[in-house]
Each structure stands twice: as structure tokens, then as C-alpha cells.
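Let the hints inform the model, and build the full structure from the sequences given.
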Amino acid sequence: MTMFTPIAELNRDKNSWILMLRAIRVYFVPKWAKGGDSMKIVFHDEHGTRIHAHLAREEKETFETQIIEGGIYAIRNVFVHDNYQRLKTGSNDKLLGFFKRTEVKTLSRNNFPRMMFDLKPFPILQSQPCLNDQLLIDTCDTSVEWNEEVYQNRNNLFHA
Numbered sequence: 149m150t151m152f153t154p155i156a157e158l159n160r161d162k163n164s165w166i167l168m169l170r171a172i173r174v175y176f177v178p179k180w181a182k183g184g185d186s187m188k189i190v191f192h193d194e195h196g197t198r199i200h201a202h203l204a205r206e207e208k209e210t211f212e213t214q215i216i217e218g219g220i221y222a223i224r225n226v227f228v229h230d231n232y233q234r235l236k237t238g239s240n241d242k243l244l245g246f247f248k249r250t251e252v253k254t255l256s257r258n259n260f261p262r263m264m265f266d267l268k269p270f271p272i273l274q275s276q277p278c279l280n281d282q283l284l285i286d287t288c289d290t291s292v293e294w295n296e297e298v299y300q301n302r303n304n305l306f307h308a
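Going left to right, the sequence shown walks through residues 149 to 308 as the numbering used here numbers them.
For the record, the hints were derived by calculation from the structure and aren't laboratory data.
Where hints are given, some of them may not hold.
To be verified - Okay, the calculated beta carbon distance ranges per label pair:
1. Pro261 x Asp185: 29 to 35 angstroms
2. Asp230 x Pro178: 23 to 29 angstroms
3. Ser275 x Ala222: 37 to 43 angstroms
We put the beta carbon where it would ideally sit given N, CA and C, even for glycine.
Dropping the structure here:
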């Protein structure tokens with residue numbers, strides 16, 4: 149039995165989860181954007197299951213120099229929310245929320261999987277009965293950075 153909980157087993161019933169996750173994408177929302185001055189992270193666990201995390205300004209200031217892309221972390225005390233974000237960086241219906249009691253420890257694990265990409269051939273994407281126009285991806289499956297240009301053109305992102 150492991151002390152770390154897989155992402156698939158997370159629920160909203162508690163906030164004392166202990167997770168081992170790899171950060172696969174870290175980006176920052178600037179102050180001028182809606183919900184700005186925050187940090188966003190896409191993580192995966194040892195099974196490759198992905199989850200998005202949101203860090204408000206105070207938590208961003210605490211962890212912005214510690215959590216980097218590719219790093220592996222033991223994370224304790226996070227809230228699990230429904231993924232309320234309109235534009236999503238993954239298909240998980242859950243979202244991690246860091247708060248004052250969240251603890252992050254950097255780990256060195258050579259045997260932890262490195263699933264930085266979820267590559268799919270373009271014909272498979274085209275064959276989907278309904279493309280999710282709220283999922284932000286590019287051709288390399290890297291989350292699209294939320295920058296001023298994206299913010300100003302947000303209503304035209306998927307209506308080219």
C-alpha cells in the first residue's frame with residue numbers, strides 16, 4: 149500500500165490528500181487578466197492521469213520558484229474542486245486548489261513516469277463526434293499560455 153493517493157481516487161470529501169505528482173506545465177496568469185496574478189499547473193500522477201491546479205496570488209508567491217516543469221513533488225493538504233474553469237487544459241473534471249496549509253516537497257525519483265505529452269494522430273482528433281472547443285491545446289499537446297493576445301481574442305479562439 150502506498151501513502152500517495154492516485155488522482156483517480158480524489159474527491160471533495162477531505163483536504164488532507166497526499167499526492168506524488170509531476171508538473172508537466174506551469175504558467176502564470178498576469179495581474180491584468182480576469183482571475184489574474186495566479187499560477188496554473190498541469191500535473192500527472194504515476195498512472196499518467198492529469199489534473200489542473202490553481203494557485204491564487206498568496207500561494208503563487210509561496211511556490212512559484214519551487215514548482216517547475218518536469219519536477220516531481222509530494223503535495224499535502226489540497227482542496228479538490230469541480231473543474232469550474234471555462235477553458236480547460238485537460239479532460240479531468242476535478243481541479244486542485246492550493247491554500248495556506250498546502251505543503252510541497254521536491255522529490256528525486258528516477259523511476260517516476262515522464263508523461264509530458266498525450267500525443268494523438270490528427271485523424272483521431274478529427275474523428276471525434278464533437279470536438280471540445282473549451283480544451284486549450286496546440287499541436288504538441290502543450291497547454292496554450294494565457295497571454296494578453298489570447299485574452300483579447302478569447303471570443304474568437306475557436307471560430308476561425
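Hint check results:
1. Against the hinted window of 29 to 35 angstroms, the Cβ-Cβ separation of Pro261 and Asp185 comes to about 32 angstroms, which satisfies the hint.
2. At roughly 25 angstroms, the beta-carbon separation of Asp230 and Pro178 lies within the given 23 to 29 angstroms, and the hint holds.
3. Against the hinted window of 37 to 43 angstroms, the Cβ-Cβ separation of Ser275 and Ala222 comes to about 39 angstroms, which satisfies the hint.
Of the numbered hints stated above, none is contradicted by the structure.
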